[in-house]
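Number of protein chains: 2
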Amino acid sequence: MTSLPAGNVSLALLHYPVYNKHREIVTTAVTNLDLHDIARSARTYGVSRYYVVTPVVEQRALAERITAHWQEGWGATYNPKRQDALQLVKVIPALDDVLHDLQQRHDRRIRVVATGALQRPGALSYQELAKLCRQGEEHYLLVFGTGWGLSDELFARIDHVLEPIEAGTGYNHLSVRSAAAIILDRLFGR
Amino acid sequence: MTSLPAGNVSLALLHYPVYNKHREIVTTAVTNLDLHDIARSARTYGVSRYYVVTPVVEQRALAERITAHWQEGWGATYNPKRQDALQLVKVIPALDDVLHDLQQRHDRRIRVVATGALQRPGALSYQELAKLCRQGEEHYLLVFGTGWGLSDELFARIDHVLEPIEAGTGYNHLSVRSAAAIILDRLFGR
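Quick note, the sequences are listed as chains V and B, same order.
Numbering-wise (this note's numbering), the first sequence opens with residue 802 and increments by one.
Numbering-wise (this note's numbering), the second sequence opens with residue 802 and increments by one.
There may be inaccurate statements among the hints.
Copies of the same chain look alike in the list, so a pair counts if it fits in one copy or across any two.
Unchecked claim - Computed cross-link-like contacts, DSS-like style, restricted to lysine-lysine with a CA-CA straight-line distance of at most 30 Å: (1) Lys822 to Lys891; (2) Lys822 to Lys882; (3) Lys822 to Lys932; (4) Lys891 to Lys932.
No lab work stands behind these hints: they were computed from the structure.
All chains should be built: construct the whole structure from the sequences, respecting the hints.
Set out below in structure tokens:
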């Protein structure tokens, strides 16, 4: 147990398997700001760990270089707040590796919750998920997709779906960085 | 009046006058993702207009090129959702120009609300500002700073300050993109 608002929660940003705009399953590229922005949001709400997930070796090396830059030497001295956030980041090949790592770290059942822009049957509300996370009996992994969103094959493997962010305008094409920030705030912000 | 959740609200992202990490007043550079992410968040919540403010001619030209790319020709066809969001963007030299433009567009008093990470006396709560915006008698401009935040000289010129985003961890170094998303959701998301 932890006293941090989101201490029973980790995040995973998946670069595969996700859709492109033609609904083909692709591997997207790691981007600098996905690492920084989501790490800073994760740190703000007290998230346990932020997994950056890609099967591509070179992309993992790039992500490691970015996080190392701010954790060692010049970057760490220049901006310790970034170091503080980026130490939550773990770069890893696949969702199975995330689950394995979480199982090692938390001696509790791991529940996987997919996020996305589509309405799906049986989705948890923010209140329901916040309550489950507060109970602290299980550790919750919130999974975010890059590109045009997580593939359907991934939805077949998870425990829960979180309801999409709706604001009543009919437009819900937030960046994954903005969506992650809003979801953390809805779950743990008050 | 409008039926959009944030129809009585505009946003301004200021690249001057803002602090750098040494608390010197500087002009920051326009970044691609500040334009995209905040435009997409603004569109999601039905914000009236999103002003990108910089006194530097070349930086305004860059911002105009980015928004034009997605509004005309190839970019608009490739991703109409971006076009939809970026048409809210107006690139402009200074806060006075923003106020002048807003006065032309809205025949109502304009109220300027500064956002930031510091606690300041007399700050409005999210509930208070949401209520004011819903009343629709005045148009509200939410001002965001880049770099290390809006300068004190700017705070002397505004009508209200919005309370910072606090999550109980003592860390509040969100990116401006994430902060804008969370603030819009707190004000208009439910």
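> Quick one: Lys822 to Lys932, C-alpha cut-off 30 Å, is that within a copy, between copies, both, or neither?
Replying inline: neither (35 Å within a copy, 38 Å between copies)
>> Reference check for the pair Lys822 and Lys882, CA-CA at most 30 Å: within, between, both, or neither?
In response: Between copies, since 11 Å is at most 30 Å while 35 Å is not.
> Is it within, between, both or neither when you check Lys891 against Lys932 at 30 Å Cα-Cα?
Replying inline: within (26 Å within a copy, 41 Å between copies)
>> Within a copy, between copies, both or neither: which one fits Lys822 and Lys891 at a CA-CA cutoff of 30 Å?
In response: Classified as both; 28 Å inside a copy, 27 Å across copies.
When held up to the earlier numbered hints, the structure conflicts with hint 3 and nothing else.
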